[in-house]
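The residues making up each chain are set out below.
Number of protein chains: 6
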Amino acid sequence: MEDAELFERLKNVALDSAWSALARRGYPNQFCEGLRVFRPDLKIAVRATTVRCLPVRPDLQQQIREQGPPLNAQSVEEADAGDILVIDAGGETGGGFLGDIIAARLVARGGVGIVADGAIRDLEEIRRMPLGLYLKGAHAAGSGRRIMPVERNVTVRCGNVTVVPGDVLYGDCEGVLVIPAALAVEVLAEAEATDHKELFLRAKLEAGESIYGIYPPSPETLREYENYKNAQRN
Amino acid sequence: MEDAELFERLKNVALDSAWSALARRGYPNQFCEGLRVFRPDLKIAVRATTVRCLPVRPDLQQQIREQGPPLNAQSVEEADAGDILVIDAGGETGGGFLGDIIAARLVARGGVGIVADGAIRDLEEIRRMPLGLYLKGAHAAGSGRRIMPVERNVTVRCGNVTVVPGDVLYGDCEGVLVIPAALAVEVLAEAEATDHKELFLRAKLEAGESIYGIYPPSPETLREYENYKNAQRN
Amino acid sequence: MEDAELFERLKNVALDSAWSALARRGYPNQFCEGLRVFRPDLKIAVRATTVRCLPVRPDLQQQIREQGPPLNAQSVEEADAGDILVIDAGGETGGGFLGDIIAARLVARGGVGIVADGAIRDLEEIRRMPLGLYLKGAHAAGSGRRIMPVERNVTVRCGNVTVVPGDVLYGDCEGVLVIPAALAVEVLAEAEATDHKELFLRAKLEAGESIYGIYPPSPETLREYENYKNAQRN
Amino acid sequence: MEDAELFERLKNVALDSAWSALARRGYPNQFCEGLRVFRPDLKIAVRATTVRCLPVRPDLQQQIREQGPPLNAQSVEEADAGDILVIDAGGETGGGFLGDIIAARLVARGGVGIVADGAIRDLEEIRRMPLGLYLKGAHAAGSGRRIMPVERNVTVRCGNVTVVPGDVLYGDCEGVLVIPAALAVEVLAEAEATDHKELFLRAKLEAGESIYGIYPPSPETLREYENYKNAQRN
Amino acid sequence: MEDAELFERLKNVALDSAWSALARRGYPNQFCEGLRVFRPDLKIAVRATTVRCLPVRPDLQQQIREQGPPLNAQSVEEADAGDILVIDAGGETGGGFLGDIIAARLVARGGVGIVADGAIRDLEEIRRMPLGLYLKGAHAAGSGRRIMPVERNVTVRCGNVTVVPGDVLYGDCEGVLVIPAALAVEVLAEAEATDHKELFLRAKLEAGESIYGIYPPSPETLREYENYKNAQRN
Amino acid sequence: MEDAELFERLKNVALDSAWSALARRGYPNQFCEGLRVFRPDLKIAVRATTVRCLPVRPDLQQQIREQGPPLNAQSVEEADAGDILVIDAGGETGGGFLGDIIAARLVARGGVGIVADGAIRDLEEIRRMPLGLYLKGAHAAGSGRRIMPVERNVTVRCGNVTVVPGDVLYGDCEGVLVIPAALAVEVLAEAEATDHKELFLRAKLEAGESIYGIYPPSPETLREYENYKNAQRN
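Residue numbers (my numbering), protein chains in the order written: chain W, 1 to 234; chain V, 1 to 234; chain F, 1 to 234; chain Z, 1 to 234; chain S, 1 to 234; chain X, 1 to 234.
Mixed in with the good hints there might be a few duds.
Same chains, same label: a pair holds when it works inside one copy or across any pair of copies.
[To be verified] Below, a list of computed lysine to any residue pairs in the SDA-like style, where the Cα atoms sit at most 20 Å apart: (1) Lys11 <-> Gly82; (2) Lys136 <-> Lys229; (3) Lys197 <-> Gly142; (4) Lys11 <-> Glu125; (5) Lys197 <-> Glu125; (6) Lys43 <-> Arg128; (7) Lys43 <-> Val56; (8) Lys197 <-> Glu124; (9) Lys197 <-> Gly82; (10) Lys11 <-> Glu124; (11) Lys197 <-> Ala23.
No lab work stands behind these hints: they were computed from the structure.
Extracted from the complex, chain W is given alone in its bound form (with noise of 0.2 Å):
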């Protein structure tokens, strides 16, 4: 499936039954935890470009420095356009990893969102621009007052959840889940298949039913919603 229609779609499921088919095959612990929603006006489906930050240290940062641009540049640069920029900060919330003018480069490259287990900077201008915010703060500080990023596109930990490079993010106002690649398209056909069976049955509640029998359905909801959905597919 492309990308696109991938997102696409995602989008339209239900976060929480995303979730749920990550659970059936093995990963309950893929939606981050621990950070705030800032922009609850916005969904997001995306693949994740990450950095890894550490507490700052003087010979590691000289270090980084010699080897090319700093990476919060290269972060934004070098991604895939329209990626996401999944930030490992240790949960440190004294300083943000980037302000306004790189994230203004991350919408011209069509990124739609930060995902950062810590700060950024430049809340006013940032909070203004299309991206999703899913972060622990804002910090009037650069990066540099207490971490550095050392990597980029690594494996990293964030919200408590492991990402890895190019997994499919989705968020919503209620957090953001982390979906590896390989699972992204029999999740969100699951997902599509579970919003389809609980529209059915909270139709039925929203009617006035009592919840008994419908939720968790009884047999007798089960063949009730086969039929109905055999009926819709002729």
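We have chain W; now place chains V, F, Z, S and X onto it with these hints.
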């Protein structure tokens, strides 16, 4: 007093005046702490129905399953119409006690909100329902990842407050206050009296008077207020 | 520079540029941490008046009461018109330092906000007043449940920053920055210069240029900017 | 198996082997978290008697007082001789559930310890009694400052574990493990088997062999162990 | 009463009895919370001398330096011989207020301990000095990394207790209690009376009697105690 | 300098003097924070070997398993004899990285300790081995409940410090300091010089002199010290 009248009048007093009336009666710990207000635009006044949750344990879970419908379903089906769900989740936010389907039934039965020392799931859907939401968080996982309901309509702890089923809960954008049923009418009356006086004092300040003598009120200001109150009565 | 001009110009620079100007002068710890922004729609620039609170202790409380009007009343009545209240509550959120009556007087005297390492009460009312609110929380309880004011206009700690009365505070949706009075004008000037340059750089990115060479700027980009700046001047 | 034998043999297995036996049966959450071990020199194996505490609330407190002796006194007087007290204090450490007088009676009745998701008082005295102590803290205040006992011998939460009265608790310097009564004998047997094998493996490492092939054990090492075990039996 | 006698007798009462005597007088918040007892083998009773620290800020730091010797040196040199240092560090543990050199002078002047809502450094040395240590932590960094002393012998906050210079501090392995100077003698007397009675009650329990009727004591037990007390007096 | 000599001399300087020497070189963040010292009776000076752990994720776990022996086994088998294990567990304490079997091999290979931003298991056994233990906690669960090792001998974060393999770690009862390898010799020399001077100053205080002029030392005291040092040399 009928509940309908009680609730309506409560929603017109300042929550903080109700708190003070409770504190003067020896109940200074009735304001739920540590919860986030997800719907600051809604005010609620309503009776509590409670659910007690504990960390998942298979033997107990099995035993509870054998006793009837799932307790989260029961909690919305069996409560008096219009109650608010108060969930003691022990502070656990790693999984939601209920999702949009159960919430839909809660709304259908006239429920007005959820207070949880834990999380719900399907926030994207539920935040659009007419439900006051006082929660520690939201999570994509379902009940069963970390906690399970074990009892319904027993005395519980929520937000560091002891909540008895039938207590009157009053919530605004600041948070939610738990009023013991037997005290509700007198607390309301005292809060109305407090508000009446405080509006009088506040009007003086808004007109530019110095705060000295007005707050806290001097004997003279109190006399002035008494005159004003008596005049209003006639 | 007159305060009115200082404040107006400050509100037009990026808070993060002001932070950087302070950090370069040896003040990297002037951004308040751990406070929640209750009015992200407001920007404030203003001088600080302070109150120091301590855990309730009857003997001290009695002694302070005998010295004059309650300190929370004094703090709005005696401050210079237009000041912002900075409350050192030691992080305690189990009771509000002030409620809507005192806030009403604060507004009447031209006050523009409240910064508290603690809580206020009557949030339902106060959030509708024209006051920037940087707080740890809100609580239905009054001052006196956990803390009491003990001194006015002394150096305090708030959000892990040392605040001296008369400091200039600048707050936006990200949080609040504490600028020592003696540095305010030069910090403003440097922040304006930074912003001017950064807007130039950001415009290039928004036009689609690569971030390399632009941020951080190469010598060539800096020359280009100097030309642009000189051209503007003429 | 008699409790006396069960307890004695349990104290001879590694607590971690017992944990693993529980986890393999679907119970991975039975080790109490967040408690401090105040008597790391003591090992305990014993049955649980429980007390549930809630935040102080005068109406409930009055009601409970009318029902008989104080629950903290009952909890040591009515439990089976030798039980361990498990106190669900909801994490509150601002007051002790019991002090040296009640502890003295606990000792007199053969009690062997206290596990509390909260505090005790009189630590200076109690730490010298023969009691295993797994607590969140100690505080000079008595019960009644923040919490009150409300029920005895019900299922409770302690250290993020669900504890059923009669569960077998096994504690060492690492912490305390909660073993459901029905599983105690089989968990013991499996832990003894694990320990027997692991001592065999560990002896090889202590003799200087490489860890590869030994831990985790290769098929060859396992065969060698089987021979050793069989030889021992004969 | 002379301090020497007061301190000696205080060290012989149960800290919890002293707490209760304070609470009955309206002071239930005088036990320092959140501090770790680094020398549980020592008991201390002593008067407080205080230091207030704030986050580092260069302008203030300069100003304080110009006023005389460093405040941490002053705090041990100028206090009355034998005082205990109480340091309000605002909970900051990222740097120690003092190290072994200043501690050596404290010992030389007869000081008996350090109570800090923060950290000390050189723990390896200081833990071997005859000093009660009630601290949040220890850190290799010196004062100046995060905090600076700003005032000496003023009212401070420490462990969530308001401490006035001259207060009597009593500490044991449980923690440290802050007794307002004016109440010290009556608190001592009441605690001694409580202890006398409680030892009588505890002896009965240790002899095997049921706790009912003994704790809390029945009228009959109280009479028995009165007889015992009177007999002792004669 | 040979490691053996470096380590021996390091253990004879004050850890805080080594910290100061690092801070003066621009490294003020090298002391591990948030770890508990489980063996305050041991001092260690040793080189670091590192392991990076991440939250459990089945696809990655499978991939790592296919690459060779388990990483926790490798980490003790492949490190240079005598190294200390530094484990980046991201602060997770809900499962132990290693237990007594792997620790036994660590001891057999000459290892001297474990530093973990997480937990170990089998504390009952391991606390009796000759290993310095700087940990966030201990837990009965094995690795695999929450975290998994993903890389060996890479730069990691531990206790909020960036640790590079080969760094020199120096720990005492206060905690553990991370010294970049290239700085170890000069840091040692400077710490020895500091200690020599401070012992001179401390002796004066222990002899009863006033702290003024001695700490911080006056020019006269410094001259006196220089004379003393020169005299010692001859």
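Against the structure, the hints:
Proximity of Lys11 to Gly82 under the C-alpha cut-off of 20 Å is restricted to the intra-copy arrangement: shortest distance 15 Å within a copy versus 33 Å between copies. Within a single copy, Lys136 and Lys229 get their C-alpha atoms no closer than 42 Å, and across copies no closer than 37 Å, so neither meets the 20 Å cut-off. In the homo-oligomer, the alpha carbons of Lys197 and Gly142 lie at most 20 Å apart only across protomers (17 Å), although the nearest pairing inside one protomer, at 48 Å, exceeds that limit. Taking identical chains as interchangeable, the C-alpha atoms of Lys11 and Glu125 lie at most 20 Å apart only when they sit on different chains, with a minimum of 13 Å there against 26 Å within one chain.
For the identical chains of this complex, Lys197 and Glu125 are inter-copy neighbours only, at 16 Å across copies versus 42 Å inside a copy, given an alpha-carbon limit of 20 Å. In this assembly of identical chains, the alpha carbons of Lys43 and Arg128 lie at most 20 Å apart whether taken from the same copy (15 Å) or from different copies (15 Å). Taking the shortest Cα distances, Lys43 and Val56 never come within 20 Å of each other, neither inside one copy (33 Å) nor across copies (27 Å). With identical chains, the CA atoms of Lys197 and Glu124 are at most 20 Å apart between copies only, with a shortest distance of 18 Å across copies and 42 Å within one.
Taking CA atoms no more than 20 Å apart as the test, Lys197 paired with Gly82 passes in neither setting, with 32 Å inside one copy and 27 Å between copies. Taking the closest pair of Cα atoms, Lys11 and Glu124 come within 20 Å of each other only across two copies (12 Å); inside a single copy the shortest separation is 27 Å, beyond that limit. Taking identical chains as interchangeable, the C-alpha atoms of Lys197 and Ala23 lie at most 20 Å apart only when both belong to the same chain, with a minimum of 18 Å there against 34 Å between chains.
The structure shown violates the earlier hints numbered 2, 7 and 9.
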